[in-house]
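Using the sequences plus the hints, can you model the full thing?
Just so you know, the sequences run in chain order S and Z. FYI, my numbering numbers position 182 of the first sequence as 182, with every residue one higher than the one before it. Whatever position you read off the second sequence (first residue = 1), add 1000 for my numbering.
Heads up, a few of these hints could be off.
[As the list claims (entries may be wrong)] Beyond 10 Å from chain Z on every Cβ pair, some chain S residues (computed): (1) A68; (2) K98; (3) A118; (4) C249; (5) E286; (6) E424.
[Stated by the list, open to error] Simulated pairs of lysine-lysine, DSS-like, Cα-Cα distance not exceeding 30 Å: (7) S:K418 to S:K381; (8) Z:K1449 to Z:K1478; (9) Z:K1079 to S:K381; (10) Z:K1079 to S:K360; (11) Z:K1079 to Z:K1172; (12) S:K381 to Z:K1097; (13) S:K360 to S:K418; (14) Z:K1079 to S:K390; (15) Z:K1264 to S:K381; (16) Z:K1221 to Z:K1341; (17) S:K360 to Z:K1264; (18) S:K98 to Z:K1079; (19) Z:K1255 to Z:K1171; (20) S:K390 to S:K258; (21) S:K390 to Z:K1097; (22) Z:K1357 to Z:K1413; (23) Z:K1357 to Z:K1225; (24) S:K98 to Z:K1130; (25) Z:K1130 to S:K360; (26) Z:K1448 to Z:K1413; (27) Z:K1387 to Z:K1446.
Simulated from the structure, these hints should not be mistaken for laboratory data. As the structure is a prediction and not an experimental result, all values here were calculated from the model. Even for Gly, the Cβ is constructed at its ideal location relative to N, Cα and C.
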Amino acid sequence: MTKPNTDLHNLTIAELHRGLQQKQFSSHELTEHFLQRITQLDTELNCFISVDAERALLLADEADQRLANGDTADLLGIPIAQKDIFCTRGMRTSCGSKMLDNFVPPYDATVIARMQQAGAVMLGKTNMDEFAMGSSNETSYYGPVKNPWDTNTVPGGSSGGSAAAVAARLAPAATGTDTGGSIRQPAALCGITGLKPTYGRVSRYGMIAFASSLDQGGPMTRSAADAAVLLNTMVGHDPLDSTSAHAVCPDFTKQLPKSIKGLRIGLPKEYFDQRLNTAMADKVHEALQHLTALGAELVDIELPNSALSVPAYYVIAPAEASSNLSRFDGVRYGYRCENPTDLEDMYTRTRSEGFGDEVKRRILVGAYALSAGYYDAYYRKAQQIRRLIKEDFVKAFEKVDVIAGPTSPSPAFALGAKQSDPVEMYLEDIYTIAVNLAGLPGMSIPAGFINKMPVGLQLVGNYFDESTLLNTAHQYQQVTDWHQRSPID
Amino acid sequence: MQWETVIGLEVHVQLATQSKIFSGSSTAFGAAPNTQANAVDMAMPGTLPVANEQAFHSAILFGLAINADITRTSVFERKNYFYPDLPKGYQTTQLEKPIVGAGTIELIDGDNNIRNVRIHHAHLEEDAGKSLHEDFHGMTGIDLNRAGTPLIEIVTEPDMRSAAEAVACFKKIHAIVTYLGISDGDMSQGSLRCDANVSIRPVGSDTLGTRTETKNLNSFKFIEKAINVEVARQIDLLEDGKAITQETRLYDSEKNETRSMRSKEEANDYRYFPCPDLLPVVIAEETITALQNSMPELPDQKMLRFQNDYGLSAYDAGLLVEDRAVAEFFEAVTQQCQDPKLAANWVMGDLLAYLNKADLSMSQSPVDASALGHLIARIIDQTISGKIAKQVFEVMCGSGGTADEIIEAQGLKQLSDSGAIEALIDQVIANSAPQVEQYRAAEPDKRKKLVGYFVGQVMKMSQGQANPGEVNRILAQKLNAQN
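Here you go:
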């Protein structure tokens, strides 16, 4: 009755669910299969910071027990990789930093708790840019993740470990977090599907904060249908997070099969100007043709303040980060320097030795933007711009249902290519950042290849309307197969 | 030169909420270090604050009590600085949109004169933990039990002109928050603390001098002393032709002096910004109405009522209402004995003197209001004299028992039988021939003084139990009649 396990890693979540329910394979077997793939392939890819096989198999056995008892929860028994930004009780949560290399949380993030309740099996914790600050995964204390499509290139960041793990079939699905594009950009660069929900959809409790007003967790999967299943488990108000929304949570799989005939897709002229290279523009237009063939209408729109989103973001996000990261002081947990001579020395060396360059850079920028005499010119101004950007979107959504464009300016670049130029690196998120500033849901779906490297189409939805995004993406994935391509035979 | 003192206060009031301002940990005082600090209080990565509604209600009550504007949408901000007992590296507080706006505190003196101290605003914030510098062999221990305890910080305008006025203002704040029940007001546990901004200027000048801020004054006595020594220091400096430095100072109660902590130049740049983890708090009109309706009688109202209903002087009423427990005790005593003036005298006199000496609070009084009322009733019905009552009170405080039991057991019942008193008086007169002669020879207006000797003798013979009124009446009769 057991199918040969060799192609278990190519099954969708729905297929895995069916297989588990029909006892074609057990969660234990499934988990072992993925653990084996991690052992085989991850030495090179470096997707995982921590893998606890024993714990994973224990969770799988519990899931098998629940399956035997007739439990039919959608994620029951399905292995999931968790970004190492989500606190996991009893398992090291490093956030990609030396600062937390020894940190074992005594609590679970709400996302982890909900997944565990649903019976998902945590395979391990995925690599990421340090404190989620980066667009290439090169700032991780644990070394860069390699893009499985070409291991000389970056997977994107900061959720690069999750993106690469899903692309390389080391996990059927993973979680990510997105502050300025950290789910969508690596999803695009690794050829997978990534969804950043509306701000407030997914609890931030236990998700180590980078920029609190922008951070949002979401699913990273191979398809929109898989993302909908994960999202169902992740969302919902959390009394532990005051910023989590009380909004109604629909079953996100419900609208997937709906036709998109008549769907109005907005094309912001600012996303298609001369800065977008031709190859990327071609891919986006090709994707849009599929959507119009399905009955969608294209509408030209304007987002006049888009150009201000990167500068505004690089004031607001570092400002919040400079404060959020103050708690890493060597006093209560995490890294502490050797033999401090006094308090000042302990603070200075702990933070100098515990943080990497990019984190330090952003703390400095953020502290500067908030300091006396500069607050009005930087932080307050950036917040005003943020409101304008939000208003642009609100206005646009009076005319359209979804906004489309490229996810990133180009496909994956070579490891080290942008490391010496932070601004060049920051421009990786030029198309994704505004979505975080506005708090809207955004998605990246595979839209083909440029020079054998995947690129993504970004879809942006209205507040709390992830269903329309998933519906659009799913319909697109019914007529394309980019999302089924695998980098590894 | 004549100098005028200008004082503004920043008063920190610990709120008596069950749990902390942003976490579910208990706020009870005195637990073993770090046993009342959860993951949020320890600022573990990824943890988030959830605002305590009770803390808002407490702050709003205070705002209503001082006739302040209640901010309908108030915002928490982060005040960033590093200190080991500040786990997040920032204090969550309010700056631009505090929950309580401008209001007024009235200081009423013993002659019913009112002086207003304007309140600039009051805001909600979290307390820090404690650094323990002893017992750790040159290292510092950190106790985070107090971290996250809700505080309101009340900031006055520089409206006070003397240390005594500053103390009166602080006492009024203490009275208001304890009347409202929003703080236990226990200063020995740091429930109320105060920073004093002090400056001086030549009398008649209307520009403010350079101020210093003296930190962490935690008793009425220290506020007064610290301000007085700081004012003296500033006067010395200016009269020596020196300048005052704007700085933060610390009061050393042992040496009775203030000393510099840090100057303005060394002050932190706190990099305030709105806390992104907490949404702006919107207060519904219904909440304010409900709180307004739940408002208990406040000290000023009570003071007025004590004067009107009980005929007390403004001074006595003012003293009684300073402490809600004392005021309530007084009312209960009055209810029992039906004599408000005697009740006031006893509560403010013997009872408070005893409690002060024994270092007890009102709630720890060994004599409850009903027992004291009974004792006073025995004076009123002439069972005992006021003097004997003091003796009975001491026994009640010491070994307990009701007034009646003690009077009975010790045979302290007053002698009011005029026949028996007359017999004693006859005996005294018979034994005091020279004094009687002197009395009778004296001018009538000098006699009053001389009668004291006879009263004393009679009281001595009766072991203090003769009814003093009767003694005086019969003595006068006898001494004057035989003239």
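_So if I understand the rule, the pair passes when the alpha-carbon distance is 30 Å or less; does Z:K1221 with Z:K1341 pass?_
holds, 29 Å
Query raised in the report: Beyond 10 Å from chain Z, beta-carbon-wise, is S:A118?
Result: holds, 20 Å
Original post:
Within 30 Å, alpha carbon to alpha carbon, are S:K390 and S:K258?
Top reply: holds, 29 Å
- Query: Does the alpha-carbon distance linking S:K360 and Z:K1264 stay inside the 30 Å limit?
  - Reply: Holds. S:K360 to Z:K1264 sits at ~28 Å (cutoff 30 Å).
Given the hint that Z:K1130 pairs with S:K360, does the C-alpha gap stay at or below 30 Å?
Cα-Cα ~29 Å, so holds.
Review point. Given the hinted pair S:K390 and Z:K1097, is their alpha-carbon gap at most 30 Å?
Key: It holds: about 23 Å lies between the C-alpha atoms, which stays within 30 Å.
- Evaluate the condition: distance from the CB of S:E286 to the nearest CB of chain Z exceeds 10 Å. holds, 39 Å
Quiz item: Under the criterion that the straight-line Cα-Cα distance not exceed 30 Å, is the pair Z:K1255, Z:K1171 satisfied?
Solution: holds, 25 Å
Is the Cα-Cα distance between Z:K1357 and Z:K1225 30 Å or less? holds, 21 Å
Between S:K381 and Z:K1097, does the CA-CA distance stay at or below 30 Å? Holds, at roughly 19 Å.
- Mind checking the alpha carbons of Z:K1448 and Z:K1413 for me, to see if they're no more than 30 Å apart? Holds, at about 27 Å.
- Message: S:K98 and Z:K1130 were given as a pair; does the straight-line alpha-carbon distance stay at or below 30 Å?
- Response: This hinted pair holds, its Cα atoms lying about 28 Å apart.
Checked against the numbered hints above, the structure violates none of them.
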